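*Asks:* Given next are the chains, with one letter for each unit.
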Amino acid sequence: MKPFIEKCAEKGFLFSAILSASITILILSFMIFFSFPIFKGGDIAAFFTLGWNPYEGKFGILPMMAGTGIIASLALFIATPFGIGCSALISVFSKGSSGRFLRKVVEFMTGIPTVIYGFVAIFLLVPFIREIFEKGTGMCVLSASIMLALLILPTIVLFLSDAFNSVPRSYIDAADSLGATPAQKLVYVIIPYAWKGIISGLVLAAGRAVGDTLIALMIAGNALQIPTGLDDAARTLTSHIALIIASDYESPEFKSIFLCGLILFTFTTLIVLIMRSLGYFKILGKR
Amino acid sequence: MNRFIQYSITFFAWISGIILIGAIGVLLIFLLFKGVSSLNSFLIFGETRPLDALLFRKDVLDGLFPAIIGTILLITASIVWAIPIGVASGIYLAEYCNLRWKPFFSFMLDLLAGIPSILVGLFGFTLSIFLHRHLSEHIYPCFLISSMALACLVLPYIIRTTEQALVNLPFSVKTTGLALGASRLQNILFILIPYNLSRIISGIILAIGRCAEDTAVIMLTGVVAMAGIPHSLLAKYEALPFYIFYISSDYNSQEELMKGFGACIILLAVCAVFFTLANILKRKAEIRFATRT
Amino acid sequence: MEFKQKALLIGIAVLLLLGNSFSFAVAGDLDRFDGVKGTLRISGGTAHIPVMKEAAKRIMALNRDVKITIAGGGSGVGIKQVGEGLVDIGNSGRMATDDEIQRYGLKMHKFAIDGIAVVVNPRNPIVKMKKSQIIDIFSGKINNWKALGFKDRGINVYTRDASSGTRKVFWKKALNKGEITKSANFVKSHGAMKSAINVDPYGIGYISIGFLDDTVSSVSLDGIAPTLEKVRKGDYKIARGLYMNTKGEPVGLARLFIDYIMSKEGQKIVAENGYIAVK
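Protein chains in written order, with full-length UniProt numbering: chain H, 1 to 287; chain F, 1 to 293; chain Y, 1 to 279.
In short, the hints are calculated from the structure, not lab data.
Treat the hints loosely; a few may be bogus.
What the hints assert, rightly or not - List time: in silico DSS-like cross-link candidates among lysine-lysine, alpha-carbon distance up to 27 Å: (1) Y:K177 to H:K58; (2) Y:K141 to Y:K110; (3) Y:K237 to Y:K37; (4) Y:K107 to Y:K182; (5) F:K58 to Y:K173; (6) F:K282 to H:K95; (7) Y:K237 to Y:K107; (8) H:K255 to Y:K182; (9) F:K58 to H:K104.
Stated by the list, open to error - Far from chain H by the CB rule (all over 12 Å, computed), these chain Y residues: (10) M108; (11) P125; (12) K188; (13) A225; (14) G241; (15) G252; (16) E272; (17) A277.
What you are looking at is a predicted structure, and each value in this text was computed from that prediction instead of being measured.
All C-beta atoms, glycine included, are put in the ideal place defined by N, C-alpha and C.
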């Protein structure tokens, strides 16, 4: 091919790469640009308060931050032991057909649309939770956390079982020749070796849990309070954006969702930085 | 470590596996149990004759048909945006980019891949309002904006798979063409990409699956409860996942709710097909590597 | 053969003619859409949706060149979007404020009158309350059904978001601008409110009278049941108009659509959906 075409193609590739990278920058600058009036107004502290009542001019987003934090951590808290258990089963205890079957199921889970998790939860989990607590609507922190845990489990299991599998053959052989049982191998060899992978998997899952919109929007009840119990309704930053998007574009409440966006963006950046410092550069997976 | 602890660890691993499979099983069985009875041509076509609807001779006003077509069109449009840009960026990162800039690009892409999808939706929404005010008042949240926002969402996946597909090639494959006198571009287009095409395609199909299921982005960028089949890029449209979301809270009768379950099954089936296809292609790519290297 | 074909042709012709005259007989008020082309975008109040949907269905079944898209969002959204020119008709379940009218040059078209009813689950026997009790329940002061003579279970308050016209009217006329408890659950539309109350035995919320059916039970306030009759007479005070808003005088399809809703057939749709027709 002619050098001219070569040059053009190279420029085209470069242009595409710059375009892709600039999307990130564009999103960030939109968030900053539209939340800028808040910073300039100097009343930034007013947004970090507890009250949200547009009629009274109160736009505190603290309840939403708390909602996100509580629901996501609880989901992670539920999902982590199961995740470690499942990946240990896949990579250590059952390398035969049952382990392979479990991995297939987990892989399939990544393909299930989030909205379906939410839909089924409304008609299956929510009534159940309501009857258990005998209080509240069933649309609460616990329901959302359970579904969110199910949603982030594939991320954890796939990441962790890969990390477990990355333990060098020689380590495993050495343990085997010393007569170690699978449980001993897991606790003394594999987990100490793969702890970075475990942390990374959990960090990634935390990112997914914080970033998910639909589960919390559909089954957390969206109340404007800081939840104090598992049966309390709560609103996350993401569902707050989805709920407020429809309001007056000039209003402070609309501007506040860009502040929410900025917080979420910062959190994502943090996740990526942690992953990198742990040595994981390729973050692929469903949000 | 005493026996008891060892047994409990093993036991726990098995229990968590069983619970996970049980949970997914319950979820799927519940869905099928509730929804199968509503799966019929009325669900999709309403009172319109299926043939009339399929040939676009008549509009379907009370079935899922417009939502299904909307989803298909949306996927197509987003992929048309994302494939050229994604594959080209992937090629650049794998073959051209120097080491000074690579960390910058990969950091930006990791960020884009990690941003909550609702932010991509918010970006699309704000962009359309911005364009509406400053460019043309015919622009508002619509099909075009949705497809572009979805393209942003799946772009990092396509870039990454393309990049990985090219970087991980064996040295001999990478250099043979060059040694025979092929130019850099020829080498990429005619040797490297065809060599690992199935891997790239599997990445693209996974991206299609993401487009099919996404709800957060589209509900901010122009999907509505009732619109019919979109007839222009600037029109509002319907889509399956949004229909499910809408029905989950707004159903007016048991009948409508059943339609929601039916829609769930259809969407799940669509995603399962894409997922299986992507996996078969990926496996094919892996087998090829296992035998060649 | 030839005779058969002729007979068939004539048969088809007769059928066509019959079909035509039949559709004419039904259409009447729909005639105005003959030969019209274009897109009409509607958004806003969710109480309006059933009426809008039915009207759109009839129009689009008659004329395929007309596309009507309907979105919810709430009254605030409707007013804002029509003001910004994002939609052609913005629905609201409250009057636009003077500020909104001035800023956007809005024209309001009142097409129905609606009441807002307090609703509870059908399993809940409490169907009579005092207005003061409603105020206390929604503010969170009364938070257990026991206080009203039902089971010892917490009261789950459901409310709408700030964009809702229903909320604004309810807040003003039923709650006397009183506070709504922070633990209230948020739903996005009348349909969502109804289905939420329908599945929650201990819930309480408020919906448009047009949405009332046997899946929820309505609560009478100070002895007055929320029925169309009582709203019409002016006994039931928590009522409001339903409006279609346009930016300036409506033109084109928007004009035709509004005329159609105001026509005999349109107002019949309004009545069929449980609202009070204005004409």
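*Asks:* Each hint needs a verdict: does it hold in this structure or not?
*Replies:* We went through each hint and held it up to the structure:
For the suggested pair K177 of chain Y and K58 of chain H, the alpha carbons sit about 16 Å apart, so the restraint of at most 27 Å is met. Of the supplied pair hints, the one linking K141 of chain Y and K110 of chain Y is violated, its CA atoms being roughly 36 Å apart against a limit of 27 Å. In summary, the hint linking K237 of chain Y to K37 of chain Y is not supported, as the alpha carbons are separated by about 42 Å, beyond the 27 Å threshold. In summary, the hint linking K107 of chain Y to K182 of chain Y is not supported, as the alpha carbons are separated by about 35 Å, beyond the 27 Å threshold.
Straight-line distance between C-alpha atoms of K58 of chain F and K173 of chain Y comes to about 46 Å, which puts the hinted pair past the 27 Å bound. Between K282 of chain F and K95 of chain H the alpha-carbon distance is near 21 Å, which keeps this suggested pair within the 27 Å criterion. Taking the CA atoms of K237 of chain Y and K107 of chain Y, the gap is about 25 Å. The hint holds against a cut of 27 Å. For the given pair, K255 of chain H sits about 22 Å from K182 of chain Y by alpha-carbon distance, which is consistent with the 27 Å threshold.
With a C-alpha separation of about 42 Å, the suggested pairing of K58 of chain F with K104 of chain H is violated against the 27 Å cut-off. For M108 of chain Y, the requirement that its beta carbon stay farther than 12 Å from each beta carbon of chain H is met, with the minimum near 18 Å. Non-interface call for P125 of chain Y relative to chain H: holds, since the shortest CB-CB distance, roughly 18 Å, exceeds 12 Å. With a cut of 12 Å on Cβ distances, K188 of chain Y falls inside the contact zone with chain H, its closest approach being about 7 Å.
Non-interface status of A225 of chain Y relative to chain H is upheld: no Cβ of that chain comes within 12 Å, the nearest being about 26 Å off. With a minimum CB-CB distance of about 21 Å to chain H, G241 of chain Y clears the 12 Å threshold, and the non-interface call stands. For G252 of chain Y, the requirement that its beta carbon stay farther than 12 Å from each beta carbon of chain H is met, with the minimum near 26 Å. Distance to chain H confirms E272 of chain Y as a non-interface residue, since its nearest Cβ pair spans about 28 Å, more than 12 Å.
At roughly 29 Å, the least C-beta separation between A277 of chain Y and chain H is larger than 12 Å, which holds for a residue marked as non-interface.
The structure is inconsistent with the numbered hints 2, 3, 4, 5, 9 and 12, although it conforms to all the rest.
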